[in-house]
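Protein chains in written order, with numbering that gives the first Met the number 0: chain S, 0 to 156; chain U, 0 to 828.
Quick caveat, the hints were computed from the structure, so don't treat them as lab data.
Accuracy of the hints is not assured; some may be wrong.
As the list claims (entries may be wrong) - With beta-carbon atoms standing in for the labels, derived distance ranges:
1) S:136 - U:654: 41 to 47 Å
2) S:115 - U:654: 35 to 41 Å
3) S:133 - U:644: 27 to 33 Å
4) S:133 - U:654: 41 to 47 Å
5) S:106 - U:654: 48 to 54 Å
6) U:597 - S:106: 24 to 30 Å
7) S:80 - U:654: 34 to 40 Å
Claimed, not checked - Some, not all, of what chain U presents toward chain S, calculated at C-beta under 10 Å:
8) 456
9) 609
10) 612
11) 613
12) 617
13) 626
14) 633
Because the structure is a prediction, the values reported are computed rather than measured.
Backbone N, C-alpha and C fix where the C-beta goes; we use that ideal spot for every residue, glycine too.
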Amino acid sequence: MQNTANNNVATSGYLEIISFHLGKQVFCVNIMSVREIRGWAPSTTLPHSPPHVLGVINLRGSVIPVIDMAIRLGLPAIKPTERSAIIVTNIAGKLVGLLVENVSDMITVKNADLQPAPDVLPAAERALTKAIIPVDEQMICYLDLDALFSTEDELAA
Amino acid sequence: MLISRKLPLAAALLTIMSIGASSIVSLQIGSSAVNEKIVEKLEAVVDGRRNQLETFLANLQQDLTATSQNNLMRIALEGFKYDWGFLGADASQELKRRYITENPFPAGERQKYDTAQKPDAAKVSSYDQTHERYNAQLREMANSRGWEDFYLVDMSGNVIYSVNKYDDYATNLRSDALKDTGIGQVFEGIVGADVTDRTVFSDYAPYAAIEGQPAAFMGHALNSQMGMVGVIIIRVPSGKIADIMSNTAGLGETGETILLNADGYLISDSIRTPENDMLTIRVDSDLLKDAHSSSVQVGDLEGYRNMESSVAMTGVKFDGADWTVAALIDKSEAGASMVMMRNAILGVALLLLLGAIAVSTWFSRSMTKPIEALVENMRRLAEGDTSIELAGEQRKDEIGEMVRSVAVFRNAAIEKVELEREADETRSQTERSRKDRETAKAEETAQMQQAVESLANGLQKLSQGDLTIRLDTPFIESLDRLRIDFNASVEKLNDTLSDVSENVLGINGDTGELRSAADDLSRRTEQQAASLEQTSAALEEITATVKNSSQRADEATSKVAEAKQSTDTSSKVVSQAISAMGRIEEASIEISKIINVIDEIAFQTNLLALNAGVEAARAGEAGKGFAVVAQEVRELAQRSATAAKDIKGLINKSGEEVKSGVTLVRETGDALGMIAEHVSAINDQINSIATAAREQSNGLTEINTAVSQMDQVTQQNAAMVEETTAVTHRLTSGAASLEALVRQFSLTGGSRPVSVSTRAAMPGPATTAAAPSPVARVKSTAGIVRASTPDSRPVQSPARNMLNTVARAFGAGKSNNSTAASQDDWEEF
Numbered sequence: 000m001q002n003t004a005n006n007n008v009a010t011s012g013y014l015e016i017i018s019f020h021l022g023k024q025v026f027c028v029n030i031m032s033v034r035e036i037r038g039w040a041p042s043t044t045l046p047h048s049p050p051h052v053l054g055v056i057n058l059r060g061s062v063i064p065v066i067d068m069a070i071r072l073g074l075p076a077i078k079p080t081e082r083s084a085i086i087v088t089n090i091a092g093k094l095v096g097l098l099v100e101n102v103s104d105m106i107t108v109k110n111a112d113l114q115p116a117p118d119v120l121p122a123a124e125r126a127l128t129k130a131i132i133p134v135d136e137q138m139i140c141y142l143d144l145d146a147l148f149s150t151e152d153e154l155a156a
Numbered sequence: 000m001l002i003s004r005k006l007p008l009a010a011a012l013l014t015i016m017s018i019g020a021s022s023i024v025s026l027q028i029g030s031s032a033v034n035e036k037i038v039e040k041l042e043a044v045v046d047g048r049r050n051q052l053e054t055f056l057a058n059l060q061q062d063l064t065a066t067s068q069n070n071l072m073r074i075a076l077e078g079f080k081y082d083w084g085f086l087g088a089d090a091s092q093e094l095k096r097r098y099i100t101e102n103p104f105p106a107g108e109r110q111k112y113d114t115a116q117k118p119d120a121a122k123v124s125s126y127d128q129t130h131e132r133y134n135a136q137l138r139e140m141a142n143s144r145g146w147e148d149f150y151l152v153d154m155s156g157n158v159i160y161s162v163n164k165y166d167d168y169a170t171n172l173r174s175d176a177l178k179d180t181g182i183g184q185v186f187e188g189i190v191g192a193d194v195t196d197r198t199v200f201s202d203y204a205p206y207a208a209i210e211g212q213p214a215a216f217m218g219h220a221l222n223s224q225m226g227m228v229g230v231i232i233i234r235v236p237s238g239k240i241a242d243i244m245s246n247t248a249g250l251g252e253t254g255e256t257i258l259l260n261a262d263g264y265l266i267s268d269s270i271r272t273p274e275n276d277m278l279t280i281r282v283d284s285d286l287l288k289d290a291h292s293s294s295v296q297v298g299d300l301e302g303y304r305n306m307e308s309s310v311a312m313t314g315v316k317f318d319g320a321d322w323t324v325a326a327l328i329d330k331s332e333a334g335a336s337m338v339m340m341r342n343a344i345l346g347v348a349l350l351l352l353l354g355a356i357a358v359s360t361w362f363s364r365s366m367t368k369p370i371e372a373l374v375e376n377m378r379r380l381a382e383g384d385t386s387i388e389l390a391g392e393q394r395k396d397e398i399g400e401m402v403r404s405v406a407v408f409r410n411a412a413i414e415k416v417e418l419e420r421e422a423d424e425t426r427s428q429t430e431r432s433r434k435d436r437e438t439a440k441a442e443e444t445a446q447m448q449q450a451v452e453s454l455a456n457g458l459q460k461l462s463q464g465d466l467t468i469r470l471d472t473p474f475i476e477s478l479d480r481l482r483i484d485f486n487a488s489v490e491k492l493n494d495t496l497s498d499v500s501e502n503v504l505g506i507n508g509d510t511g512e513l514r515s516a517a518d519d520l521s522r523r524t525e526q527q528a529a530s531l532e533q534t535s536a537a538l539e540e541i542t543a544t545v546k547n548s549s550q551r552a553d554e555a556t557s558k559v560a561e562a563k564q565s566t567d568t569s570s571k572v573v574s575q576a577i578s579a580m581g582r583i584e585e586a587s588i589e590i591s592k593i594i595n596v597i598d599e600i601a602f603q604t605n606l607l608a609l610n611a612g613v614e615a616a617r618a619g620e621a622g623k624g625f626a627v628v629a630q631e632v633r634e635l636a637q638r639s640a641t642a643a644k645d646i647k648g649l650i651n652k653s654g655e656e657v658k659s660g661v662t663l664v665r666e667t668g669d670a671l672g673m674i675a676e677h678v679s680a681i682n683d684q685i686n687s688i689a690t691a692a693r694e695q696s697n698g699l700t701e702i703n704t705a706v707s708q709m710d711q712v713t714q715q716n717a718a719m720v721e722e723t724t725a726v727t728h729r730l731t732s733g734a735a736s737l738e739a740l741v742r743q744f745s746l747t748g749g750s751r752p753v754s755v756s757t758r759a760a761m762p763g764p765a766t767t768a769a770a771p772s773p774v775a776r777v778k779s780t781a782g783i784v785r786a787s788t789p790d791s792r793p794v795q796s797p798a799r800n801m802l803n804t805v806a807r808a809f810g811a812g813k814s815n816n817s818t819a820a821s822q823d824d825w826e827e828f
């Protein structure tokens, strides 16, 4: 899948992303890994789950986990409101719900605009941020969902 | 012999006889009573001493018996006996060396040496240890019971312990030296006779161990279960016996009690002699033989202490000893009280004798002295001397009687001389009084003639109107009353006319004052009338003003009522406005809800558009168009969300405005309520103003009435003034005529100014000129008032005052008529 995405980026020269807010910061994910965007609905808490795993929700009959992205990225936890959204993503063939503050936009950027993340973090952490995209006045953090998920696995193991 | 000597002599003789007899009898009775008393006392003392002694000896026996039964004694004896055995053959010499020769204390204090064991000695003696253990205890026991010494003796007669350690210490009682002594006899008496249950006593005898001093001993066996193991012996305490015998209470200065043994030797030291008498002095008397029984023998004793004494004796029996207690007292001391009594009786007798002689002498003197004086006086009276003084007339005895009789003789002689002198005096007095009467008669006739002449003279002057005449020369006594009455009449007439003259002057002055007062009165009445007119005009103006203000107040009341109505209406409008605002608020809330729904729809639409976009992106090239549509939809949704947000803001703002509007309207309502309250307060004030105005109006009407009454009174006053003026005129002319009448008399008391006529002319025209002009309009009424009644005249005028004076001066008979006439019209006078 990662390869496909990379190929996609490489071949087309354009990248479509969905940006969302966490606090004052703006992040984005590749639109191709998004399956659906839903309004906030209360989740069922799982026992002994890590703090960033809020619980599970019912998505048309299939049970998917919901992760608080703010906690996952080391930011202060967000309080879910009616205007919060869950971005349902398909990561390595698994559906995972990401709780974000609100979905702001769908943007098409050039690959050339992607800037690499500064080389100051440890490798595991750095892997979460694929690139920084400056749009207008904002700096959008482009998240690598695969890396996020693989870290999840490691953590789970 | 004179009576004054005989009487005292007889009295003294009688006194000597009676006192001598009674003194001799009392001396004899006293002597035998004293003797009896001494014998009784000696018997009592000797009996008491015997009892004390027996008690003491019995106690001593008991103490010793008790001590012998004390286990400590037996243990101590066994201890000493055991140690004695270790001292070897020369035990006696060894102990004497340790405790007598080497004793650091002198003889008599050796008991204080507790042990001969030296602290640094290499060899330890068990006897010394035992001695140390018991010495203090045994010493204390002997001291506390008064024993002079205490011995522990073993069965073979060795004194193995003694408290005081004299030469008998550590000696055998069966040795030749001690065998026959008291202590040896006691030991033999116990051990030899095997006496275990009582004490054995040996009587006082000289004892060599204490340098031949007498000593008595008492001992008791120490028994164990095995039988007798030893003996304890004490030396009897002679000091204690001496204490008992030395009590000389009740025996005077020479008396004492002594204790004698069977041979008649003293065994207690006499306290009356300095040396020790024990066993050295012997009392030899037949009484001793009889005294061994317990009964008391009384008798005389010669030779003891070189004196003759009365003595009482009785025996003391104790354990083989045969003692006698004797109480004695020197016979000369016993008789001493008799001598004292005799001397006292003789002294008293002498005093009584002297007193009797003195009293009898004084008594006889008091009788003989007045008799001698009386004899002398009687002799002088017989010679014709009546100036004698008689003492003792108050005496109630026979001498008094004699003095009183002599006094009667003396008084009779004095009275006779007095009567002769009085007869001579009466004769010469009668002659003198006859001559005096003749001369007095001639003098009286001359004086009467003179008085008649002078009275005729005075009456003549009076008829000429001269009131200055006075008769100063006094008449004879019987006619002088006439002269004084004449002078008083003239004086009275003179005073009356003087008063009349004075009053006329007063009347003239008063008339002038009356006139000027009338002027003033008319002027003031005029001013008063003018003031009243002005007051009336001012009052009318005030009335008009008050009416006007009353009307204004009414108008104001109606205006206030309208204002109140308006306020009420406004209040209703305010409440309507408040409810309208409420409805606006409700509508705003509804709108808010709808906006929320729109916002929700916009959000959902946005989500849908996003999802569509995602789907389009997945579709790749094929979804391009769809992606555009989705973008459009998203924008629309965002715009509608923004619009909804704006509308929400506006609605919130309008809600707040409505809220503040409601507050303002409510405040307006409150303000209107306050205005309404103020309006009703104003209404009340205006009502009270209107009431006040009405009351003022009423007051003014009353004032108007009062002013018109005042006007009327002023008119009447003017009329009164007119009348007063006319009366003043008539008064003046009356005064002038009175003046003329008075001037006919010449008066004493100087020249009175008579200017009535000149001043009387003036008042008439002045009065008319001063008549006030305002009175003109009330002249008709003034005329009526003037003619009304004579009551309005002053009741007590000075003229009438004067008239009364004259009337009083000219007798009471006429005054009634004249006064009655003058009360009707005094001008006729």
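Outcome of the hint check:
1. Between residue 136 of chain S and residue 654 of chain U the beta carbons are some 36 Å apart, a value that contradicts the proposed interval 41 to 47 Å.
2. A hinted range of 35 to 41 Å is violated for the C-beta pair residue 115 of chain S and residue 654 of chain U, which are about 53 Å apart.
3. In this structure the supplied range 27 to 33 Å holds for residue 133 of chain S paired with residue 644 of chain U, their Cβ-Cβ distance being about 29 Å.
4. Under the hint 41 to 47 Å, the C-beta atoms of residue 133 of chain S and residue 654 of chain U, about 43 Å apart, fit the expected range.
5. The hint said 48 to 54 Å for the Cβ distance between residue 106 of chain S and residue 654 of chain U, and at roughly 39 Å that hint is violated.
6. Our hint of 24 to 30 Å for residue 597 of chain U and residue 106 of chain S holds, since their Cβ atoms are close to 27 Å apart.
7. A C-beta distance of roughly 23 Å is found between residue 80 of chain S and residue 654 of chain U, which places it outside the suggested range of 34 to 40 Å.
8. Evaluation of the residue 456 of chain U hint against chain S yields a violated restraint, the C-beta minimum of about 164 Å exceeding 10 Å.
9. For residue 609 of chain U, the interface hint holds, since its Cβ comes within 10 Å of a Cβ in chain S; the closest pair sits about 5 Å apart.
10. Among the interface hints, the one on residue 612 of chain U holds; its C-beta lies about 5 Å from the nearest C-beta in chain S, closer than the 10 Å criterion.
11. Contact between residue 613 of chain U and chain S, as hinted, is supported at the beta carbon level, the nearest pair being about 5 Å apart and thus within 10 Å.
12. For residue 617 of chain U, the interface hint holds, since its Cβ comes within 10 Å of a Cβ in chain S; the closest pair sits about 7 Å apart.
13. For the restraint placing residue 626 of chain U at the interface with chain S, the shortest Cβ-Cβ distance is roughly 8 Å, inside the 10 Å limit, so the hint holds.
14. Taking 10 Å as the C-beta cut-off, the interface hint given for residue 633 of chain U holds, the closest approach to chain S being about 8 Å.
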